[in-house]
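Peer 1: Keeping their order, the protein sequence lines are chains W and D. Each residue of the first sequence is one higher than the one before, counting from 1 in the working numbering. Each residue of the second sequence is one higher than the one before, counting from 1 in the working numbering.
Take the hints with a grain of salt, since some may be wrong.
Copies of the same chain are indistinguishable here, so a pair counts whether it falls within one copy or spans any two.
[Said to hold, decoys possible] Listed below are the simulated EDC-like cross-link pairs for lysine to aspartate or glutamate, each with C-alpha atoms no more than 16 Å apart in a straight line: (1) K342 / D45; (2) K342 / D47; (3) K404 / E353; (4) K404 / D357.
These are computed hints drawn from the structure, not numbers from a lab. Bear in mind that the values here come from a model prediction, so they are computed numbers and not experimental data.
Number of protein chains: 2
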Amino acid sequence: MSNERLIYLPLGGAGEIGMNAYVYGYGRPGEERLILVDLGVAFPDMDTTPGVDLIFADITWLEERKDRLEALLITHAHEDHVGAVGHLYERLGAPKIYARPFTANIARGKLAEYGVGDNAVTVANVWPEQIQLGPFRVGFLPISHSIPESSGLVIDSPEGRVIHTGDFKLDETPLVGEAFDEALWREVASTGVRALVCDSTNVFSGHAGRSEAVVGPEITRLVNSSTGMFVATTFASNVARVKTLADAGVAAGRSICLLGRAMRRMIEASIKTGVLSDFPTVVSPEDAKNIPRENLMLIVTGSQGERRAASAQLSRGKHMGLTLKEGDTFLFSSKTIPGNEKEVIRIINSFSELGVDVVDDSSGLYHVSGHANRPDLERMQDIVNPQIVVPMHGEHRHLREHTKLAEQKRRKGVLAVNGTMVSLSGNAPEVVDYVETGRTYLDGSVQIGALDGIIRDRIRMALNGHVTVTVVLDEEDEPLGDPWCDLMGLPELGRSRAPLQEVLEEDLSQFLNRAGQATLSDDDKIEEALRRVIRQSANDEIGKKPEVTVVVSRLT
Amino acid sequence: MSNERLIYLPLGGAGEIGMNAYVYGYGRPGEERLILVDLGVAFPDMDTTPGVDLIFADITWLEERKDRLEALLITHAHEDHVGAVGHLYERLGAPKIYARPFTANIARGKLAEYGVGDNAVTVANVWPEQIQLGPFRVGFLPISHSIPESSGLVIDSPEGRVIHTGDFKLDETPLVGEAFDEALWREVASTGVRALVCDSTNVFSGHAGRSEAVVGPEITRLVNSSTGMFVATTFASNVARVKTLADAGVAAGRSICLLGRAMRRMIEASIKTGVLSDFPTVVSPEDAKNIPRENLMLIVTGSQGERRAASAQLSRGKHMGLTLKEGDTFLFSSKTIPGNEKEVIRIINSFSELGVDVVDDSSGLYHVSGHANRPDLERMQDIVNPQIVVPMHGEHRHLREHTKLAEQKRRKGVLAVNGTMVSLSGNAPEVVDYVETGRTYLDGSVQIGALDGIIRDRIRMALNGHVTVTVVLDEEDEPLGDPWCDLMGLPELGRSRAPLQEVLEEDLSQFLNRAGQATLSDDDKIEEALRRVIRQSANDEIGKKPEVTVVVSRLT
Numbered sequence: 001m002s003n004e005r006l007i008y009l010p011l012g013g014a015g016e017i018g019m020n021a022y023v024y025g026y027g028r029p030g031e032e033r034l035i036l037v038d039l040g041v042a043f044p045d046m047d048t049t050p051g052v053d054l055i056f057a058d059i060t061w062l063e064e065r066k067d068r069l070e071a072l073l074i075t076h077a078h079e080d081h082v083g084a085v086g087h088l089y090e091r092l093g094a095p096k097i098y099a100r101p102f103t104a105n106i107a108r109g110k111l112a113e114y115g116v117g118d119n120a121v122t123v124a125n126v127w128p129e130q131i132q133l134g135p136f137r138v139g140f141l142p143i144s145h146s147i148p149e150s151s152g153l154v155i156d157s158p159e160g161r162v163i164h165t166g167d168f169k170l171d172e173t174p175l176v177g178e179a180f181d182e183a184l185w186r187e188v189a190s191t192g193v194r195a196l197v198c199d200s201t202n203v204f205s206g207h208a209g210r211s212e213a214v215v216g217p218e219i220t221r222l223v224n225s226s227t228g229m230f231v232a233t234t235f236a237s238n239v240a241r242v243k244t245l246a247d248a249g250v251a252a253g254r255s256i257c258l259l260g261r262a263m264r265r266m267i268e269a270s271i272k273t274g275v276l277s278d279f280p281t282v283v284s285p286e287d288a289k290n291i292p293r294e295n296l297m298l299i300v301t302g303s304q305g306e307r308r309a310a311s312a313q314l315s316r317g318k319h320m321g322l323t324l325k326e327g328d329t330f331l332f333s334s335k336t337i338p339g340n341e342k343e344v345i346r347i348i349n350s351f352s353e354l355g356v357d358v359v360d361d362s363s364g365l366y367h368v369s370g371h372a373n374r375p376d377l378e379r380m381q382d383i384v385n386p387q388i389v390v391p392m393h394g395e396h397r398h399l400r401e402h403t404k405l406a407e408q409k410r411r412k413g414v415l416a417v418n419g420t421m422v423s424l425s426g427n428a429p430e431v432v433d434y435v436e437t438g439r440t441y442l443d444g445s446v447q448i449g450a451l452d453g454i455i456r457d458r459i460r461m462a463l464n465g466h467v468t469v470t471v472v473l474d475e476e477d478e479p480l481g482d483p484w485c486d487l488m489g490l491p492e493l494g495r496s497r498a499p500l501q502e503v504l505e506e507d508l509s510q511f512l513n514r515a516g517q518a519t520l521s522d523d524d525k526i527e528e529a530l531r532r533v534i535r536q537s538a539n540d541e542i543g544k545k546p547e548v549t550v551v552v553s554r555l556t
Numbered sequence: 001m002s003n004e005r006l007i008y009l010p011l012g013g014a015g016e017i018g019m020n021a022y023v024y025g026y027g028r029p030g031e032e033r034l035i036l037v038d039l040g041v042a043f044p045d046m047d048t049t050p051g052v053d054l055i056f057a058d059i060t061w062l063e064e065r066k067d068r069l070e071a072l073l074i075t076h077a078h079e080d081h082v083g084a085v086g087h088l089y090e091r092l093g094a095p096k097i098y099a100r101p102f103t104a105n106i107a108r109g110k111l112a113e114y115g116v117g118d119n120a121v122t123v124a125n126v127w128p129e130q131i132q133l134g135p136f137r138v139g140f141l142p143i144s145h146s147i148p149e150s151s152g153l154v155i156d157s158p159e160g161r162v163i164h165t166g167d168f169k170l171d172e173t174p175l176v177g178e179a180f181d182e183a184l185w186r187e188v189a190s191t192g193v194r195a196l197v198c199d200s201t202n203v204f205s206g207h208a209g210r211s212e213a214v215v216g217p218e219i220t221r222l223v224n225s226s227t228g229m230f231v232a233t234t235f236a237s238n239v240a241r242v243k244t245l246a247d248a249g250v251a252a253g254r255s256i257c258l259l260g261r262a263m264r265r266m267i268e269a270s271i272k273t274g275v276l277s278d279f280p281t282v283v284s285p286e287d288a289k290n291i292p293r294e295n296l297m298l299i300v301t302g303s304q305g306e307r308r309a310a311s312a313q314l315s316r317g318k319h320m321g322l323t324l325k326e327g328d329t330f331l332f333s334s335k336t337i338p339g340n341e342k343e344v345i346r347i348i349n350s351f352s353e354l355g356v357d358v359v360d361d362s363s364g365l366y367h368v369s370g371h372a373n374r375p376d377l378e379r380m381q382d383i384v385n386p387q388i389v390v391p392m393h394g395e396h397r398h399l400r401e402h403t404k405l406a407e408q409k410r411r412k413g414v415l416a417v418n419g420t421m422v423s424l425s426g427n428a429p430e431v432v433d434y435v436e437t438g439r440t441y442l443d444g445s446v447q448i449g450a451l452d453g454i455i456r457d458r459i460r461m462a463l464n465g466h467v468t469v470t471v472v473l474d475e476e477d478e479p480l481g482d483p484w485c486d487l488m489g490l491p492e493l494g495r496s497r498a499p500l501q502e503v504l505e506e507d508l509s510q511f512l513n514r515a516g517q518a519t520l521s522d523d524d525k526i527e528e529a530l531r532r533v534i535r536q537s538a539n540d541e542i543g544k545k546p547e548v549t550v551v552v553s554r555l556t
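With the rest of the complex left out, here is chain W:
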């Protein structure tokens, strides 16, 4: 037997939905040549990552082996697959990048923010063309999803063929982009497939997925029955949906205006790369102001309630000179991603206050998912007929359920979360290593580790407030004047109804008067002691123990 092996190692995306980053390797253990599939972001929230801008997979393992990295392949242009390309490009040693034209266009935009030129990304042709990458030959196999030019990857190695689905649905009428071509997939699989590494997002959805084509007639009906201004939001990257919305608007005699940079960016990229050829002419916001509202349709960003996106701006009042009012209609042609409910509901209530009728996603009429549902996942297994099924792109519950589904269908299922290195060689898949993984935060312009304690400190300040204590000590370690406090994020008055600041300062003074030389002469001791005084005293007064910064100034 050869002692070379084929490995699969998710660094991100297996155990969460977001920040996809999947490594494949082939070679002797520890010397495998590597390819990376996708390099996406996840999004922060106030609960766990306040102030953070973006979240990436911790790619340290790969960075330390960048000399073995043959290339980065990008399956499609969703942020959770392409969003980190610019931010991590240099750390990975500026690898070759391959993507289809539309995806390449978006990836190049990401790289340009870091001054990296367009030639960093090579435009890939579709199957049957294959790219030789060390021991791998990789082909881009078109598949339908909620963004143009999504691709599965056919990854051939001396150990056989792996199919990495990317994000997908089985849509035979996707309106924009290629329809799912079952015959082509069957043909690709006909030579035998060792492993199907497969999207798991919708494994809990029991009915077969619906085509993008089904929402058009419903949206058209809704637009036709609306009298005031019609505003619709969807995911900016769902170009087919944006087109469906625009077509419905035009059919109803409305001018179309796109609001939101991401929306315009995606439509431009689609037109430029030829995936979208007959998008209606749009009007600018300036011109839109002068169009009677019953003849106007806005298609806007912010379907997830993002505060700075167009939907939220419109819900708060005038935006780009446009104002919604009684009799207007606002459509969410989107689903609310778990965790975003409050923001979306906030917008709906703001529109309600303006008298705008909101049509949300609860009817299911105006949105279809871009991911394969459970019966579609079964169908994909039947088409590809792999020996092994490796669920990816899902939280633990999705991966587990998808693994069970594979086993029900009498295939080998492998539950491999981030950091699990699986050998796909030999008779059965085998976990051969656990690699340290985690999250990297883009915080302002700096990349920090999730476990650096920086965010923990911020969360503590948010929960507990902050007190700065200042003490000046003279050459003899005697306090010079009284200590004082500066409070931030804390109430002015506590239990005793005296100003909290005064109470704290009084307690500090009393402590310093009692404190001995041993404490006063030692910075660590005095800091620790003053911190304790503040926390105890504040807890008595306001039932809260603040974070404390102690500043000891010594005159020497």
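Given the coordinates of chain W, assemble chain D onto it according to the supplied hints.
Peer 2: Same frame as chain W, now just chain D:
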């Protein structure tokens, strides 16, 4: 005409779901005698209220008129109706409180935390008994909901009869507590009803509500088909559901163990007040440890993913000596309240990692809502036949939709959000005043105002981090030594790869060397200038502008 009037004024609960507090008044304008219906809490979140413990309606308006307050009436024992009773009791001048026995038991517990004795709450009998409260006569009219002894209120005044529904559903088989008695409600309404002030929570649910009785058989089937330990969570106050779960467990030969203080408190209160008479014997967690897992059922708190509740604790590993594992089943017999999705999903994934099978609320089989759906609201209008419908207990979108529904049924609908004083006198309802309302935060042991800026400062620290700057100036306003910085919640290294602290201190030094006497001698000027230096310098280094506390120590 009399110049006395009947007024309705929501202080909380109308424009949000939570912190219910509804004022009714009767008398000459500005001299109305007042009653308050419910005094509940809302729950904080990290996004908008970090560190806050509870949220109440701002009752300042009522506090300033407490001499006119006849009584507080509590419709039922949910936290959003009774939760603030202890916290606000003294501020309202220790009003008389009326509630039915179970609700009174819970309210007394809230008051006891503030040292208020049981006699503060008078136990009310149900209709046809009425309580004379100044110009009002008020009766408690039983209605079904997801907690025992929920009541509507019949509020009679010289201007006629108002029916305040409280939270309700039309359940003829509620298992615990009174069934909805349509004949009784018809009879009460038969003399004519001026206004129906009505729960709006489920106005967007198009199908008629389902009875509590429908979930029992489904739960029993599920428990019977489970082989390992069975754990179920629901709202602690949903006593009927807890009983249904327990009965299903007993029927399947399992011992029942309740985990979570709130759960045990509710069951105790139910038994003590006679609303629950045949609850199965339970075992303690200590005894549960020794019972074979296939013979054990846990009923636990934490259906919303609350971090410290039993569900979350179990998902993280051993809790009270009990550990879940492969083959066990965990049932959410509850719905996830919008905003809690992430926490619930986190728990589900943790259970998935343990190999526990989770049954969530997606099937709809194991939970029914406690609120009236749209057809039920219509039926209620038909039964009560009021002149006016005043939607309450809902966000703006619910109130608006419910108002429309009333108008579709050719009644007068009044959309009155918090602070809107509506006169229900005369021929048509009329908004007669807008009262300043808002939110009060319980923060540790202190009540603070939502607009005090305290929470805003905490959020800013969470988003931006915090820097303390210390400068010591001598008698001549000259810097004594170098300024220094303490950082909290900020990265150590920035763009220049030098420690951020050193870069900031260097920039401060340079600034101070250049600064003139006019700046150095003026505390405000120097603070403002140093803050600007820090924010600018940090922004260059890390792309973030921290919050800054400047401490200037002057030797005088």
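Peer 1: Take the hints in turn and mark each one as holding or not.
Peer 2: These are the hints, each one checked on the structure:
Within a single copy, K342 and D45 get their C-alpha atoms as close as 12 Å, and across copies as close as 10 Å, so both meet the 16 Å cut-off. In this homomeric assembly, K342 and D47 come within 16 Å of each other (Cα to Cα) both inside a single copy, at 13 Å, and across copies, at 10 Å. For the identical chains of this complex, K404 and E353 are inter-copy neighbours only, at 14 Å across copies versus 47 Å inside a copy, given an alpha-carbon limit of 16 Å. In this assembly of identical chains, the alpha carbons of K404 and D357 lie at most 16 Å apart only when taken from different copies (12 Å versus 43 Å within one copy).
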